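Q: Chains as they are written, first to last, in the working numbering: chain C, 634 to 960; chain D, 1111 to 1232; chain U, 105 to 584.
No more than 25 angstroms apart at the CA atoms, straight line, and that leaves these computed lysine-lysine pairs for BS3-like: (1) C:Lys828 to D:Lys1190; (2) D:Lys1123 to C:Lys823; (3) C:Lys942 to D:Lys1147; (4) C:Lys813 to U:Lys581; (5) U:Lys207 to U:Lys424; (6) U:Lys382 to U:Lys318; (7) C:Lys789 to D:Lys1190; (8) C:Lys828 to D:Lys1153; (9) D:Lys1147 to C:Lys828; (10) C:Lys789 to U:Lys581; (11) C:Lys727 to C:Lys658; (12) C:Lys828 to D:Lys1123; (13) C:Lys932 to D:Lys1123; (14) C:Lys823 to D:Lys1147; (15) U:Lys486 to C:Lys635; (16) C:Lys828 to C:Lys813; (17) U:Lys207 to U:Lys358; (18) U:Lys495 to C:Lys671; (19) U:Lys495 to C:Lys635; (20) D:Lys1210 to C:Lys713; (21) C:Lys932 to C:Lys909; (22) C:Lys727 to U:Lys486; (23) D:Lys1190 to C:Lys813; (24) U:Lys184 to U:Lys481.
Taking CB as the label site, the calculated pair distances span: (25) C:Val912 to U:Lys495: 34 to 42 angstroms; (26) U:Pro404 to C:Tyr878: 34 to 42 angstroms; (27) C:Pro906 to U:Asp563: 41 to 49 angstroms; (28) U:Ser405 to C:Glu867: 23 to 31 angstroms; (29) C:Val912 to D:Ser1207: 41 to 49 angstroms; (30) C:Lys823 to D:Asp1130: 22 to 30 angstroms; (31) U:Asn378 to D:Gly1174: 55 to 63 angstroms; (32) C:Thr710 to D:Asn1133: 51 to 59 angstroms; (33) C:Lys823 to U:Arg191: 43 to 51 angstroms; (34) D:Asn1133 to C:Asn939: 39 to 47 angstroms.
Selected chain C positions facing chain U (in silico; Cβ < 10 angstroms): (35) Leu721; (36) Gly764; (37) Gly788; (38) Arg898.
Just so you know, these hints were derived from the structure itself, not from any lab.
Here the structure is a predicted model, which is why all the values come from computation and not from measurement.
The beta carbon of each residue, even a glycine, is placed where N, CA and C say it ideally should be.
One letter stands for each residue in the lines below.
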Amino acid sequence: MKMNVNVAVIGGGPAGLAAALECRKNGIDNILVIERDKQLGGILNQCIHPGFGLHVFGEELTGPEYAQRYIDMLSDTDIKTLTDTMVLSLTPQKVIRAVNTSLGVVEIHSKAVILAMGCRERTRGMLRIPGTRPAGIYTAGTAQRLVNIEGLMPGKNTVILGSGDIGLIMARRMTLEGAKVSGVYEIMPKSGGLKRNIVQCLNDFGIPLHLSKTAVEIHGRERIEGITVAAVDENLSPIKGTEEYVECDTLLLSVGLIPENELSRGAGILIDPKTKGPVCESGFETSVPGIFACGNVYKVYDLVDNVTKDSVLAGRYAAEYIRSKSE
Amino acid sequence: MQTTNVTCVICPKGCNIEVDHENRDGKEVVLAVRNNKCPRGYKYASAEVVNPERVLTSTVRLEGGTYPRLSVKSEYPVPKTSLFDCMREIRTVSVTSPVKMGDIIIENVAGTGVNIVATHNG
Amino acid sequence: MKNNQFDFAVIGAGVSGAWIAYELSKYTAKTCLIEKENDVAMGATKANSAIIHAGYDPVPGTLMAKLNIRGNELVRKLCKKMDIPFRQIGSLVIALTEEDEAKIRELYERGLQNGVDGLRILNKTETLSLEPNLSPEVRGALFAETAGVCSSFEMSCAPAEVAENNGVELIRNFKVENIRINGEYTVLVSSSGQTVSARTVINAAGVHADEIAKLFGDDSFIITPRKGEYSILDNNCGDLVHHVIFQPPVKFGKGILVSQTVDGNIIVGPTAENIDDKENKATTFEGQLTAFEGARRSVPSVSERDVITSFTGIRPIGGKGDFIIGFSDFNNRLFNVAGIESPGLTAGPAIGEYVVEKIAESGFEFVAKENFDNNRKVIRFKDLSDDEKNKIIAQNPLYGRVICRCETVTEGEIADSVTRGAGARDMDGVKRRVRAGMGRCQGGFCGPRVMEIIARELDIPMSEVTKFGGASRMTEKEMI
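Let the sequences and hints guide you as you build the complete structure.
A: Below, the structure written as C-alpha cells:
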C-alpha cells in the first residue's frame, strides 16, 4: 500500500501530537501521525503522577490527562493517525516504510517529516556493572510500565540506582504499592532529578538518597539478591574499602535517557555525538531538508511542557517548509 | 515561634520557602512566609506546616480495557497522613470499561472527603 | 514423561547433546534429551564466541581436528537446510610481532595437514586492505575462507527442535542427581525425585560431565571450568571489522578476538581464567578491562562506550588436549561426550554423527526412520522483502506487529519461538531465539510485551513468566 501525505509525524507522544496540531493550525492538511503503541500519548500514558501542564495549561495534570488533552484536540481535526504501527525505515527522500497488522507494509511519501520518536533508557549493559545477570533488574521506565499499565510489581525490596526523575517517581510508586525502597544511589555529588521529586518521592517517605555512591557488583543467580555499592572519588571511580552490601530483590536503573535516533541515522541525518539528537541548525530542521525533529528525539527534556513548546515551533517550521516548497 | 524550611513542590523551580509558625492550642498557626516566588508557593508552604497534603495517583483494575489498569488520582490533595489508607481502598476497586477521564471511581476515599477520579479513558 | 523407558538418554541439551539427539532422531531407537535448565543451550553453548572455525588450530590427528573439519563442512550444509543463521565471513589470525608471524605460518602448516581448504597467508597491505581498522602494527595474517559466525543458540535450538519433531522427548528441569540399576536399564533420578530409564546414557553434561561420569563410577577425567568474559557492541559499530579477527593462540585458548556477530554487532572477548565454581557466570571489572585491552591490540578503536551488554561463558576444559568421546571404560552403559571445548560449537554436528557411528560399532542396530524430516524454516520478518512481509501478514496479522523495535521482531515471530519444537519457555529463551530484547534497549521497551506473549502462548499468568526458569521470576506473583 502507498500513501502520499504533506506531513508525516513519526511518534504520537506529546511531541508528535503538538507538532502535528501546530502544522494543521498553520494551514497544512493531509497530516499523518504514526504511533507504535495501541494508543496515542506515548510515554505519558504510564506517567500517572501529577506535575504536568503547569506552564502550558496553568494547571497541574497527570501524564495521561496531559496526553488526553492533545488527543482530544487532534480528534477535532482531520489529522490522520495510524496506531499500532511501526516505522521500519525512513529515506532522505522522505519515504517512510511502516507496518501494522491490518495494512501490512505501507509506503508513505511525505513532503515533510517530523521525527518525534522519543528516547530510550540507559541499561545495565551500558553501565557495565559487573556481576551476575539475574532477573529483577529493570530500567525505571520499564518498571513503571509493569506497575502502572500491567499491574505487576517488579519486586518487594527495591534499590534504585541513579536519581533520575523516573527513578524517584518509581521510588514513591513502589512504596505506595507496599514495596520497601531501601535507598537511591547516585554516582554524582548531586541528584539528576527535580528538587520537587526528591521532596515528594523520597523525603515524604523517608527514602534515603546516597550521593557519590554507585553499584560495583550485582549478586544473585536466578533472582537478584543484592548489590555491592561503593563511594566514588571525584573521577567517579569506586574507592576501595568503601564497599557495602545492600540486600534487594529488585534493582531499578534510572541512569539517563538517550534520544532514539536509529531511524534518523538510516535517513542519513547528522547526529550530535554529545546530545545524541539530530544536529539542527535552526528551526528544528535536521541536516536533511524537510525532516524536522522535536521532543526527546531531539534532546532529552526535563519537562513535558517544554517538549510541547518546542514541538509547536517544530510544527510551525515544518508548515513553513511545505508552504515555501509549494510556492 | 519556629521557622521551617519548605522546598516547594508546586512547580519544578523548587523554591526554598521559609515559614514562621507557632503552636496555639495544639494547632499550628502560620505567622509569616518568605522567599516564595508566587502565591501558590505561599499556599503550599503554609499548608505544609499546618496540614501537609498531596495529590495521590495510582491505578485500579480495569476489566475489558486495552490494558489491565486504569490510572486514577485524588481530585484534590489529601492529607499526607492518609495516603496509605487511600491506597488500601484504591487497591480493592475494579472497574469495567468504558470509563471516561474524570469519572468518579471512589467517592470520599478513606473518609478524606476527596473523590478518586479516572485520569484516562479506559 | 509419557513412557519413561528409552534406548538412549542424552544428558545435557547444549550443542553436543542437541546434535546427538538430532542424529539419534533419524533412527527408530527411543531417545530422550534431558536438560537441567528450563531451556536448551543454557551452558557453554549460550555464552561463547559463536565462531565456526576453519580447523587450522587443533593438533593434527586428534579427534578435535577431525571433528572440526567435518563439523565445518556439515555446518555450512545444515545451516541452510535447518535455517540456522550463519555467515561465512572468513577469519584472520593477525600477526603483530615477528614471533606472531612464525606462529601463523605454523598454523598455516597445521591447517594444511588437517585438510583445511581456503587458507592463505596475507601480507601487511593485503591484511589492512581487508580490515582497515586493524592496528597499524599488523605485519600480516592467516586468512581462512571457511570460517564464519553463527547463532550459537540456534546451533542447538535447531537440532533440538528437529529432534523433538522427529520423536525425541525433550525433558526440561531435570537435574540428574543419582542413578539406579534396573536390569538392562539405568534409572536416572532427578533432584526432585523424577525418574527416566535408559539402556545407554550419553553424557553430554558440559561442565558437569565429570559429575555425571562419577555417578557411573567413572573418574577418568575432571572438567575444569574456564571462565571467559565477553562484551557485545551496538550494531552501529558493525563496520569496525568484517571478519573474525584472532590473535595467535595463547596457552589458555585462542586469545581475545574481535568479530562481527552473525547479527552484525561486534563481539569482543573472551578472557580465559580457570575457576572453581562451575556456575560462576559473573562479569568483573578486571575481566572487561582485560578483554578490551586485548581487543585494542588488534583493533585500536574498539571502545567500551559502545557496549550494549556483557556476559561470561564457562568452557568445559577436559584436560586431555582432545575431546573425550566414547564408551566409558568403567561402565558400558555410559557414553561420554566430555571436554567439548573450542571448537565444540563447530564440531557439534560432527560429534552427533561420530557418537552414532561409535554406538553402531559397538553392536547397536540402528534402523533408519522413513519419515525423518530435518527441514526447518524460521520466519525472520526483518529479512523479508515487502512482498513477502505482506504475504505472511495476510496469513497471520501478528507478523505485522513489531514488538522489539531495536531488532525489528514481530509478535508472530515471538509466538512462533514459544510454540515451535523445543520452544522458548521464558524471556531469555525468546531473546536467544528471535533476538527480542537483544538490542540496544536490552528489552526495556519490549520486555513487558514479550512477557504478555509468553504468558498467552503458554497459557500462564503474566506474573509466572521467568527470565530463565527456576526462581528467576520477572515480577511478584500477585497482581497489584
